[in-house]
Each structure stands twice: as C-alpha cells, then as structure tokens.
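Heads up: the protein sequence lines correspond to chains A and B, in order. Here the numbering used here is used: position 63 in the first sequence is 63, and no number is missing along the way. Here the numbering used here is used: position 7 in the second sequence is 7, and no number is missing along the way.
Think of the hints as simulated: they come from the structure by calculation, not from any bench. Among these hints, one or two may not hold up.
[What the hints assert, rightly or not] Simulated DEER-style distance windows between Cβ atoms: (1) B/Leu127 - A/Gly92: 13 to 21 Å; (2) A/Phe98 - B/Phe110: 31 to 39 Å; (3) B/Asn85 - A/Ile12: 19 to 27 Å; (4) A/Gly106 - B/Tyr98: 48 to 56 Å; (5) A/Val69 - B/Ile12: 38 to 46 Å; (6) B/Val164 - A/Tyr97: 37 to 45 Å; (7) A/Arg68 - B/Val21: 23 to 31 Å; (8) B/Ser100 - A/Leu86: 33 to 41 Å; (9) A/Lys67 - B/Ser26: 34 to 42 Å.
[Stated by the list, open to error] Each computed DSBU-like pair below joins lysine-lysine, with the alpha-carbon atoms no more than 35 Å apart: (10) B/Lys22 - A/Lys14; (11) A/Lys105 - B/Lys22; (12) A/Lys14 - A/Lys62; (13) A/Lys62 - B/Lys22; (14) B/Lys46 - A/Lys105; (15) B/Lys105 - A/Lys105; (16) B/Lys105 - B/Lys46; (17) A/Lys67 - A/Lys14; (18) B/Lys22 - B/Lys123; (19) B/Lys105 - B/Lys123; (20) B/Lys22 - B/Lys105.
[Stated by the list, open to error] Examples of chain A residues lying across from chain B (beta carbon under 10 Å, computed): (21) Gly45; (22) Tyr60; (23) Asp63; (24) Ile124.
We put the CB at the ideal spot given by N, CA and C, even for glycine.
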Amino acid sequence: MCREHEPGMTLIVKTITRLTVGLILLYGIYIFSHGHISPGGGFAGGVIVALSFVHLMLAYGKDVAFKRVPQAAISLFEGMGAMIFLAIALLGFAGGYFFLNFIAKGEPFRLFSAGIIPFCNIAISLKVGAGLFSIFIALVILKFESEQKK
Amino acid sequence: MVDLYVLLIFMIAGAIIAIEVKDLLSSVVAVGAVGLALSITFLVLKAPDLAITQLVVEILCLIILIRATIRKDLPFSTSGRWLLNSIITLAFIAVFLYVSIEALKDLPPFGYPIMRVAEVYLKEGLLKTGATNLVAAIILDYRAYDTLGEATVIFTGVLGVMTVMRRVGRKRQEETEKGD
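Given these sequences and hints, build the entire structure.
This is how it looks when you write it as structure tokens:
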C-alpha cells in the first residue's frame with residue numbers, strides 16, 4: 001500500500017493481477033450473457049466487470065487503468081446502457097405495448113433464447129458496470145488527489 | 001434449519017462487533033464478515049441469484065470503504081447524554097418488537113408462502129418467456145418496469161456522486177479559500 005511513492009502495488013500483486021484480471025472480466029461476461037439460463041444476470045455480471053477494472057486500478061495505479069478504459073468511454077458506456085435498455089422497451093410498441101417480448105422465444109436452455117431478456121441483461125450490465133466503476137473513481141481517486149494537493 | 005440459525009447469530013454478533021470495535025479497519029472487516037454470512041444465508045435459502053449479487057456488491061463496497069475511509073479521523077459523538085440516548089433506543093426497540101410480533105402473527109408459516117401470483121409465473125414462465133432462469137424472466141419480462149426504475153435509480157446515484165465529487169467544484173472552493 002505504498003501509493004504515495006510509486007503507482008500501484010508491489011511486483012507480486014502486479015504479476016498475479018496480470019494473470020487473473022482477464023479471467024475475472026471473462027467470468028463477468030459469462031455471468032451476464034448467461035443470465036437467462038443460469039443464476040446471475042445483468043446486475044451481478046456488471047458488478048464483476050467493474051470489479052475487474054477496479055482490480056487493475058488498485059494494482060497498477062490509475063494511469064494504466066485509464067489507458068485501458070478512458071473516462072470518456074466510461075461515460076459513453078453508462079449512457080449507452082441506459083439508452084439501449086430504453087430502446088428495447090420502446091421497440092415493444094412496434095408490436096403492442098411497453099416491454100413486449102417481440103423476438104422469437106427460441107429453444108429453452110440455449111444461449112440464443114428468451115427473446116429480449118439477454119439484450120436487456122447486456123444493457124443493464126453495461127450500465128451497472130460503468131456506473132459503479134465511475135462511483136469508485138469519484139470516491140477513491142479524486143479524493144486522494146485532493147488530499148495530495150494539501 | 002440449524003445452519004440458518006447459526007448464520008443469523010453469526011451475523012448479529014458481527015454487526016455488534018462492527019459497532020463496538022474502536023479500530024476502523026477491524027470494523028470494516030466485521031461488516032464484510034456480516035455480508036459474507038448474508039450471502040451464504042441466501043445460498044442456504046436456495047436463492048443463488050441473490051447470493052451472487054450480494055457477494056459481488058459486498059466486495060465492491062468493502063474496497064470502496066477501505067480505500068476511501070480508512071485513513072480518516074472520524075469524530076465520535078458518544079460523549080454526554082448517553083443515558084437519555086440509550087433509554088430512547090431501548091424504547092424504540094421495545095415498540096418495534098411489539099409491533100412486529102403483532103404483525104408476524106398474520107404471516108403464513110416459514111417455508112409455506114401463499115404464492116397466488118408466483119404460482120402463475122412458475123407454471124407459465126418458461127412457456128411465455130422462454131427463459132429457464134425464472135428470476136431473469138420475472139425481473140426482465142413480467143416486472144421490467146421495476147428494473148427500468150432501478151436502472152434510473154443507479155443512473156441518478158452516479159450523477160449525484162459525480163456532481164458532489166467533481167473537480168470543478170473543488171477548484172472553485174480552493175480559489176475562494178485563497179481569495180479569503
């Protein structure tokens with residue numbers, strides 16, 4: 001925890017982070033893309049995706065993490081998730097009412113089934129992941145910057 | 001049922017320790033133990049969706065708590081009027097316990113819910129939505145309005161945090177301090 005002297009943590013933490021952070025990101029993507037088949041869903045998957053970036057930021061410092069995900073991308077994902085979710089809901093009006101499940105249901109236990117539910121999961125996970133990551137940035141990084149100025 | 005009671009007692013003990021311990025880091029660790037026990041409780045009660053979400057959110061909250069609050073000197077306002085405060089607390093606990101005991105008499109017994117609405121979901125959910133995870137079917141198809149509201153709540157929360165913590169506000173505050 002020597003964040004004042006050099007960016008990030010020790011070499012051990014950095015090496016393990018390099019090995020595991022991709023797996024955590026993949027697990028998050030698995031959780032939200034299979035949300036309609038197995039336990040999980042958009043919220044949990046989005047939080048796991050956000051946690052993988054938090055992990056990267058804790059181990060390597062904020063410069064490396066911002067190189068991977070610039071702040072403009074975070075706000076873009078945040079807005080895009082909300083817009084996709086609302087657009088899916090509004091597209092239901094084409095067939096009748098708000099949130100109509102207008103895509104074919106498909107076969108149960110397949111990845112491409114359940115109509116709009118997987119797309120809603122993806123939209124919610126984008127939104128939740130970007131939102132919680134930006135809350136983390138706002139609460140942790142900006143605070144330390146203001147403390148270091150003093 | 002025994003494991004459920006063990007977990008509940010563990011959670012109550014962890015919450016009391018989190019309040020009483022003087023060290024802030026130990027308190028945060030105790031709060032994390034309570035959250036982990038809550039996640040296992042959801043798993044024992046056969047709600048894996050909730051267990052995953054609770055565990056993941058708990059990890060994120062712990063990271064934010066440790067990184068954001070651990071170096072702070074938080075003032076304790078326990079001095080003075082402790083007798084009045086504890087009397088008010090005990091009175092509130094007594095009233096709350098009485099009202100909840102009266103209300104809990106009318107509930108169905110544990111493990112035997114009435115399920116008038118949920119029965120329809122369980123019977124027709126797979127046919128109507130095609131999703132084998134019925135929780136996803138309910139929150140994104142039958143009750144999608146709720147999920148839209150929840151997404152709005154998160155959006156508003158992020159906006160609020162960003163508005164309070166943004167840099168422009170800090171700079172202006174520093175400038176006014178220097179001007180004074």
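Do the hints match the structure? See the list:
1. Look at B/Leu127 against A/Gly92: about 19 Å separates their beta carbons, and that is inside 13 to 21 Å.
2. At about 36 Å, the beta-carbon gap between A/Phe98 and B/Phe110 stays in the expected band of 31 to 39 Å.
3. Taking 19 to 27 Å as the suggested C-beta distance range, the pair B/Asn85 and A/Ile12 does not conform, at roughly 47 Å.
4. Range check, A/Gly106 to B/Tyr98: about 53 Å between beta-carbon atoms, so the 48 to 56 Å window is met.
5. Between A/Val69 and B/Ile12 the C-beta distance comes to about 40 Å, which sits within the given range of 38 to 46 Å.
6. Separation of B/Val164 from A/Tyr97 is about 38 Å and conforms to the stated range, judged on CB atoms against 37 to 45 Å.
7. Between A/Arg68 and B/Val21 the C-beta distance comes to about 37 Å, which lies outside the given range of 23 to 31 Å.
8. For the hinted restraint 33 to 41 Å between B/Ser100 and A/Leu86, the CB-CB distance of approximately 39 Å keeps it satisfied.
9. For the hinted restraint 34 to 42 Å between A/Lys67 and B/Ser26, the CB-CB distance of approximately 36 Å keeps it satisfied.
10. Only pairs whose Cα atoms come within 35 Å are accepted, and B/Lys22 paired with A/Lys14 is accepted, the gap being roughly 33 Å.
11. Under the criterion of a C-alpha separation no larger than 35 Å, the hint pairing A/Lys105 with B/Lys22 is inconsistent with the structure, at around 56 Å.
12. Using a Cα cut-off of 35 Å, the hinted pair A/Lys14 and A/Lys62 holds, with the two alpha carbons roughly 13 Å apart.
13. A hinted pair counts as satisfied when its Cα atoms are at most 35 Å apart, and A/Lys62 with B/Lys22 qualifies at roughly 32 Å.
14. With a CA separation close to 27 Å, the supplied pair B/Lys46 and A/Lys105 stays within the 35 Å bound.
15. A distance of roughly 43 Å separates the Cα atoms of B/Lys105 and A/Lys105; the hinted pair therefore is violated under the 35 Å criterion.
16. Simply put, B/Lys105 and B/Lys46 have alpha-carbon atoms about 25 Å apart, close enough for the 35 Å limit, and the pair holds.
17. At roughly 16 Å between alpha-carbon atoms, A/Lys67 and A/Lys14 fall within 35 Å of each other, so this suggested pair holds.
18. Note on B/Lys22 and B/Lys123: the hinted pairing is violated, with a Cα-Cα distance of about 52 Å set against a maximum of 35 Å.
19. Between the alpha carbons of B/Lys105 and B/Lys123 the distance comes to roughly 30 Å, so the proposed pair stays at or under 35 Å and holds.
20. Distance restraint check for B/Lys22 and B/Lys105: the Cα-Cα separation of roughly 39 Å exceeds the 35 Å cut-off, and the hinted pair is therefore not satisfied.
21. Checking A/Gly45 against chain B by beta carbon gives a least distance of about 9 Å; that is within 10 Å, so the hint holds.
22. The restraint placing A/Tyr60 at the interface with chain B is violated, with a minimum CB-CB distance near 15 Å, outside the 10 Å limit.
23. Of the supplied interface hints, the one on A/Asp63 is violated, with its beta-carbon coming no nearer than about 17 Å to a beta-carbon of chain B, more than 10 Å.
24. The beta carbon of A/Ile124 is positioned within 10 Å of a beta carbon in chain B (closest approach about 6 Å), and the interface hint is therefore held.
Hint violations for this structure: numbers 3, 7, 11, 15, 18, 20, 22 and 23, all remaining hints satisfied.
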